[in-house]
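> Sequence:
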Amino acid sequence: MYRDEAGDPPALVCQVGSTTLKYHLSAIEDLHAWLLQQGDWVPLGAADESKPAAEGTVEAWGRAGGNPVGGWYGLRKGYRGRFGMYMPPLLEALGLAELTHEKRNNSMRGIAPK
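Its first residue numbered 227, the sequence shown is counted upward by one per residue in the working numbering.
One or more of the hints may lead you astray.
What the hints assert, rightly or not - Listed next, the in silico DSSO-like pairs over lysine-lysine satisfying Cα-Cα at most 27 Å (straight line):
| no. | residue 1 | residue 2 |
| --- | --- | --- |
| 1 | 277 | 329 |
| 2 | 303 | 248 |
| 3 | 303 | 277 |
| 4 | 277 | 340 |
| 5 | 303 | 340 |
Hint data in this document are derived by calculation from the structure and do not stem from the laboratory.
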């Protein structure tokens, strides 16, 4: 993953093999703030764009009309899903969240800055 701050809009680019996914760059800060508001573990709920996201999951929030971008954080039509798969490990690596690491049904929670 890398930042493309010159993009329109600025994007977080996720390269997965030969597939390129792009998310609003603000997703990092916005997801972190939302997780802190939740105050507890939130299921990831990763799903492709064509599949519904389970209510109350990170994936559902990444598509919701009530989030800060007013809908999908994914920028590339057909590849807008999987927010709940690719964003959580990034927040964990940045020290902004904790994740469970089970075979399935993982969750995350925000970590307050020190």
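> Now, for every hint given, state plainly whether the structure supports it.
Right, here's what the structure says about each hint:
| no. | hint | result |
| --- | --- | --- |
| 1 | 277 x 329 | 21 Å, holds |
| 2 | 303 x 248 | 10 Å, holds |
| 3 | 303 x 277 | 14 Å, holds |
| 4 | 277 x 340 | 37 Å, violated |
| 5 | 303 x 340 | 37 Å, violated |
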